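Whenever a hint applies, use it, and build me the whole structure from the sequences.
Protein chains: 2
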Amino acid sequence: MEFLTQDKLTLIGAGGMIGSNMVQTAIMMGLTPNICAYDPYAPALEGMAEEMFHSGFDRINLTFTDNIEAALKDAVYVVSSGGAARKAGMTREDLLRGNAEIAAQLGRDLRRYGKKVRFVVIVFNPADITGLVTLLYSGLEPSRLCTLAALDSTRLQTALAQYFGIPRDRVQNARTYGGHGEQMAVFASTARIDGNPLSTLIGTPALPEEQWKELQQKVIQGGKRIIDLRGRSSFQSPAYLSVEMIRAAMGGEPFRWPAGVYVNRDGFDHIMMAMETDIDRNGVTYRVPQGTPAEMEALRDSYLHLSRLRDEVIRMGIIPPVPQWARVNPYLA
Amino acid sequence: MEFLTQDKLTLIGAGGMIGSNMVQTAIMMGLTPNICAYDPYAPALEGMAEEMFHSGFDRINLTFTDNIEAALKDAVYVVSSGGAARKAGMTREDLLRGNAEIAAQLGRDLRRYGKKVRFVVIVFNPADITGLVTLLYSGLEPSRLCTLAALDSTRLQTALAQYFGIPRDRVQNARTYGGHGEQMAVFASTARIDGNPLSTLIGTPALPEEQWKELQQKVIQGGKRIIDLRGRSSFQSPAYLSVEMIRAAMGGEPFRWPAGVYVNRDGFDHIMMAMETDIDRNGVTYRVPQGTPAEMEALRDSYLHLSRLRDEVIRMGIIPPVPQWARVNPYLA
Chain U
207 MEFLTQDKLT LIGAGGMIGS NMVQTAIMMG LTPNICAYDP YAPALEGMAE EMFHSGFDRI
267 NLTFTDNIEA ALKDAVYVVS SGGAARKAGM TREDLLRGNA EIAAQLGRDL RRYGKKVRFV
327 VIVFNPADIT GLVTLLYSGL EPSRLCTLAA LDSTRLQTAL AQYFGIPRDR VQNARTYGGH
387 GEQMAVFAST ARIDGNPLST LIGTPALPEE QWKELQQKVI QGGKRIIDLR GRSSFQSPAY
447 LSVEMIRAAM GGEPFRWPAG VYVNRDGFDH IMMAMETDID RNGVTYRVPQ GTPAEMEALR
507 DSYLHLSRLR DEVIRMGIIP PVPQWARVNP YLA
Chain E
207 MEFLTQDKLT LIGAGGMIGS NMVQTAIMMG LTPNICAYDP YAPALEGMAE EMFHSGFDRI
267 NLTFTDNIEA ALKDAVYVVS SGGAARKAGM TREDLLRGNA EIAAQLGRDL RRYGKKVRFV
327 VIVFNPADIT GLVTLLYSGL EPSRLCTLAA LDSTRLQTAL AQYFGIPRDR VQNARTYGGH
387 GEQMAVFAST ARIDGNPLST LIGTPALPEE QWKELQQKVI QGGKRIIDLR GRSSFQSPAY
447 LSVEMIRAAM GGEPFRWPAG VYVNRDGFDH IMMAMETDID RNGVTYRVPQ GTPAEMEALR
507 DSYLHLSRLR DEVIRMGIIP PVPQWARVNP YLA
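Going line by line, the protein sequences match chains U and E. Residues 207 to 539 in my numbering are what the first sequence lists, from first letter to last. Residues 207 to 539 in my numbering are what the second sequence lists, from first letter to last.
These are computed hints drawn from the structure, not numbers from a lab. Just so you know, not all the hints are guaranteed correct.
Repeated chains share a single entry, so a pair holds when one copy, or any two copies, can fit it.
[What the hints assert, rightly or not] No farther apart than 35 Å at their CA atoms in a straight line, the calculated lysine-lysine pairs in the DSBU-like style are these:
{"#": "1", "residue 1": "Lys279", "residue 2": "Lys424"}
{"#": "2", "residue 1": "Lys419", "residue 2": "Lys430"}
{"#": "3", "residue 1": "Lys279", "residue 2": "Lys293"}
{"#": "4", "residue 1": "Lys279", "residue 2": "Lys321"}
{"#": "5", "residue 1": "Lys419", "residue 2": "Lys293"}
{"#": "6", "residue 1": "Lys430", "residue 2": "Lys293"}
{"#": "7", "residue 1": "Lys322", "residue 2": "Lys279"}
Remember, it's a predicted structure, so these values are computed and weren't measured experimentally.
Put into structure tokens, the structure is as follows:
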């Protein structure tokens, strides 16, 4: 097996469902032999590591530790799925506060111990916020960190393929931008169904307005539906896609979906949101998508929603007000 | 991505933890674009399939069904992890009866619907028995079916590497044969530690007899330890290894570990047990391992234990007495 790089890849939250799948996926993709698995919960971490050893993977130097300093030392690539899951009785705010605090600590740890880090992918929810908080405290350049934002687009592709009864790969360039779930901005103008622009089909007998609304609703509810069907949150798809993002950052195959990136221009102010992106060995770059006026308005709404979430985290005292960010991370001035 | 074959691969139990990992693993390995996922529990199956769709895998024709006839129609390769898990209050006999009955039905379904089946891998416990029962009722030649038996050997390799503090791949040819867990026969004479025969190290300061006993005990308890650590049975390693077996049967990379096969010679009578095996496009062939007298005695004990389990299933009425097997499957005469 040829590896893409020898650089150390650190996977955070590796004892969990997403994290343990990330480890297996990264090994199977042949990204690097040097993989370090971190989780603060040592037993689950060791159990995952034993399973990897029992799989008989060759030429892999898989280490595992519950010490974040050891995990981040010499790490060049980092993926974190290490948030808390929403538990019974927990409000949305509880989850936001808990995971924003975890993100703040991860950012500080990256700054303190991750001197060689070149690229970070953040997976835990709400990823636009946890990614932003991690970026702020890490001191990294914005091009060095992105968040998993592809699932809405892959769900849109899937729902369109199912609606039209065609294979998924005949639905091209299905795209959502901005936030996630209720807050995502669906860009029908970018998508092609068998080469035909999706926007020319909406409102015709091929895809009446009402069915299109239902279809978007299905995409919005995509994550909830996995929970209903499987009795657990999605873990295979976020794990696989986040490892694909790191593969691109290592110089491997291009990542084909939107990613969440730090945006601070074109009327979007100090925010992290899904944009059209390219990820390569130099990090992530983005373009603001160009859609119809209605799509751009939806993107703007999505941005405003994310701004309110960010401001909520500021009010919680987890991150400082925006004007003070430059003192924490000069790249975010 | 180049595929090994275009033949249909059917994965049974695909809604479960092992099965859903098998689907992802088979897709990532590029075995075949034509993968059919089956599970009698439709919601979990659909949830897994949605996750695969949301992963954005290209050029994959993944279908899913809770109809076994549709699943096995035109299937050329089959892996089944579709047994019941041991539940609280269930005795060992309950589990044996339940899974032997599932295996009997799978065998009948393979005979009835799986007209094109070339190779089957059985993963669900106790695999030596469920594999034997499936083989009997399927009417397949013994070279067309094997069971997952590698985990004891990979656990032995892992435990030796950990004991000697060396990378796993410097422990070569770690092997157990016969049954599993308590009943496995450890062949120290086959293994090499950094090129040195393991048997020359046992009983020396490098590996005192007592530490060797402890190490074997660790291997025997390997599955239980995963449950203790993860709070669930191992799923990543059995999934990965069983897909590696199917890859070998498709003409891909050789499988490097023992497999459970039907044995009916050399003093082993109408039984399925782990042997030294080769799996290729013609199916599975085996050699009876040659060890020290003590190792051969352990293998014999393991065989006798498996014979008792088989006879228990005969007494349950799930399979007929051995002399009548030829009427059910002439290849087992």
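Item to complete: Have a look at Lys419 and Lys430 and pick one of within, between, both or neither, based on CA distance no larger than 35 Å.
Response: For Lys419 and Lys430, the Cα distance is within 35 Å only inside one copy (17 Å; across copies 49 Å).
Worksheet item: Checking Lys322 and Lys279: alpha-carbon separation at most 35 Å within a copy, between copies, both or neither?
Response: For Lys322 and Lys279, the Cα distance is within 35 Å only inside one copy (8 Å; across copies 53 Å).
Discussion item. Cα distance capped at 35 Å. Does Lys279 pair with Lys293 within a copy, between copies, both, or neither?
Written reply: Within one copy only: 32 Å inside, 43 Å across.
Discussion item. Reference check for the pair Lys279 and Lys321, CA-CA at most 35 Å: within, between, both, or neither?
Written reply: Intra 7 Å, inter 56 Å, cutoff 35 Å: intra-copy only.
Discussion item. As a check of your reading, is Lys430 near Lys293 (CA-CA no more than 35 Å) within one copy, between copies, both or neither?
Written reply: both (14 Å within a copy, 27 Å between copies)
Discussion item. Within, between, both or neither: how does the pair Lys279, Lys424 come out at a Cα-Cα threshold of 35 Å?
Written reply: between (42 Å within a copy, 31 Å between copies)
Worksheet item: How would you label the pair Lys419, Lys293 (within, between, both, or neither) given a Cα cut-off of 35 Å?
Response: Intra 31 Å, inter 43 Å, cutoff 35 Å: intra-copy only.
Going through the hint list in order, the structure satisfies each hint without exception.
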